[in-house]
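From first to last, the protein sequence lines are chains H and B. Under full-length UniProt numbering, the first residue of the first sequence is numbered 1, with each subsequent residue one higher. Under full-length UniProt numbering, the first residue of the second sequence is numbered 1, with each subsequent residue one higher.
Source of the hints: derived by calculation from the structure; they are not laboratory data. Hints may contain errors.
Treat identical chains as interchangeable: a pair holds within one or across any two.
As the list claims (entries may be wrong) - Straight-line distance between alpha carbons at most 27 Å, and here's what the computed DSS-like set of lysine-lysine pairs gives:
(1) 147 x 16
(2) 47 x 16
(3) 47 x 37
(4) 28 x 206
(5) 47 x 147
(6) 28 x 225
Please read these numbers as outputs of a predicted model, since none were measured by experiment.
2 protein chains.
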Amino acid sequence: MFKSAKTHRLSHNIVKQIRNAILAGDLKPGDRLPSEKELAISFNVSKASLREAIRSLEALGLVEVLQGVSGGVFIREVDLETARNSLFNYIFFQNPAIHEFTQLRLLIEPQMAALAAIHSTDEDLAFFNENLEQTSRELDSGEFYYKLDSEFHHRIATISNNRLIIFVIDSLKNAIVNLKLQLELDSRFSISVFDSHQRIVDAFRKKDAETALEEMRNHIISVDKELVAYCDADSPFISVSDPVDDEKESSPEKDTAAVR
Amino acid sequence: MFKSAKTHRLSHNIVKQIRNAILAGDLKPGDRLPSEKELAISFNVSKASLREAIRSLEALGLVEVLQGVSGGVFIREVDLETARNSLFNYIFFQNPAIHEFTQLRLLIEPQMAALAAIHSTDEDLAFFNENLEQTSRELDSGEFYYKLDSEFHHRIATISNNRLIIFVIDSLKNAIVNLKLQLELDSRFSISVFDSHQRIVDAFRKKDAETALEEMRNHIISVDKELVAYCDADSPFISVSDPVDDEKESSPEKDTAAVR
DNA sequence: AAATATTCATATATCAGATATTTTAATGTT
DNA sequence: AACATTAAAATATCTGATATATGAATATTT
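Make a model of the complete structure from these sequences and hints.
Below is the structure:
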């Protein structure tokens with residue numbers, strides 16, 4: 001009925017104003033805001049309050065701050081990583097069961113595999129070949145990281161050309177990997193994943209949508225079974241060392257043991 | 001090759017430490033952190049830097065800050081709204097086409113409708129009856145808001161009992177409504193939506209999964225067509241007045257004109 | 001002339017400490 | 001018992017000084 005009459009935090013007010021300016025199109029990625037001093041004067045607040053607002057906007061991924069001359073506060077596009085991390089934070093507390101991941105994946109990924117079978121270009125196929133080859137090498141060396149696996153599914157999503165679907169698939173994989181495990185993979189599992197991937201790519205080569213869909217479906221289900229066997233027993237839950245931890249330079253995908 | 005040797009911001013360092021403590025389980029929702037003064041001493045930084053860190057954590061939805069005695073910084077679960085808003089920010093810059101939303105919805109919602117037909121309880125059916133009745137009243141009064149529509153789809157998602165699916169459906173609807181429009185609805189459209197909803201609920205009552213799925217599918221497709229007709233012509237894009245703007249007390253669902 | 005080093009201007013980053021405000025609980029008053 | 005007052009603890013905000021980072025202009029060297 002009535003609006004809260006609470007005097008909000010100054011920094012919140014500033015965040016709101018700037019965010020609205022972005023959403024209204026008055027501020028666009030690349031735009032540079034006036035300097036802290038000037039902003040503080042414009043908003044009629046102290047530098048400290050203004051900086052708190054900037055920190056919030058930074059956390060939301062809406063601005064980026066550079067130091068030095070010609071530095072300042074720049075509007076930027078919120079990137080996939082920021083959104084994905086936020087979703088990860090949410091999922092962390094929800095701590096969904098494996099089957100919730102699987103259910104959602106099953107709704108999306110088999111269909112995307114079917115699409116990919118039809119629409120994949122030579123370039124895409126070359127990518128998948130290279131991906132399989134590298135995976136094979138990693139299997140031989142006993143060093144199976146989930147990066148290649150991640151890229152495999154990501155690429156399939158990409159062929160859909162649907163950014164929402166890419167986001168969902170990407171986020172799911174990220175969450176599964178970082179949330180549910182850090183399991184020492186047994187190599188039998190890795191090989192089974194590799195085999196699945198091979199069969200899927202094979203269907204791509206033959207442009208056989210039906211088979212691609214079915215193989216992806218089987219793949220997801222078999223991964224589900226493995227994960228359930230691993231996790232749900234005692235649910236080790238999580239071990240956060242690097243994954244969500246570090247900055248851009250070591251992205252989550254880099255150095256976490258593999259899954260799927 | 002080499003890791004960035006850049007000395008990060010102090011506040012970032014603090015955010016990282018606290019976030020990691022949360023993810024590691026050392027800090028749990030409801031936990032209260034020491035006071036600003038004490039924290040500043042612990043981290044060996046000034047109060048200003050510490051507060052910037054707290055603002056970031058607050059923006060991420062990981063903490064909540066209360067003033068006054070027995071106030072302080074409290075760890076909290078990241079809620080759906082925070083994650084959804086972050087996704088919205090991402091989607092805003094991506095600005096996906098209607099068909100991208102539709103494609104993803106088609107993968108999920110018809111299946112969920114089928115599930116709901118099978119699993120909906122008397123309580124659920126009562127909810128849908130009430131929802132339809134209220135919608136009908138709003139139609140009569142000419143005041144069609146998207147809140148009821150939103151709740152309709154949300155409830156179906158809820159029956160899936162899958163938090164990831166609920167998140168996706170909820171976020172999609174939120175994004176569609178806030179991003180794509182603020183169209184003056186023509187009442188023919190509202191009525192068509194209402195009819196679809198009625199047919200879907202009817203299938204629920206009969207526990208007819210097949211029909212529920214098909215009706216939801218038709219519903220989404222017809223909404224897609226309407227939206228494309230409305231939007232893609234000149235793409236009014238957005239008008240941000242309240243939707244993503246205000247605080248908890250006026251949630252996005254409240255006062256934006258309806259869609260679908 | 002080109003490469004390198006230095007200086008300078010301008011931002012942000014950080015600190016220290018004072019003051020204001022909010023909120024709860026304890027205390028007093030009627 | 002109900003209500004008002006006060007005290008204490010916490011965040012909120014402001015001010016102004018200092019540190020640091022960065023790019024560009026300038027000077028120096030080769």
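A quick look at each hint next to the structure:
no. : hint     : result
1   : 147 x 16 : between (37 Å within a copy, 23 Å between copies)
2   : 47 x 16  : both (17 Å within a copy, 24 Å between copies)
3   : 47 x 37  : both (7 Å within a copy, 20 Å between copies)
4   : 28 x 206 : neither (44 Å within a copy, 51 Å between copies)
5   : 47 x 147 : neither (42 Å within a copy, 40 Å between copies)
6   : 28 x 225 : neither (46 Å within a copy, 30 Å between copies)
Checked against the numbered hints given earlier, the structure breaks hints 4, 5, 6 and satisfies all the rest.
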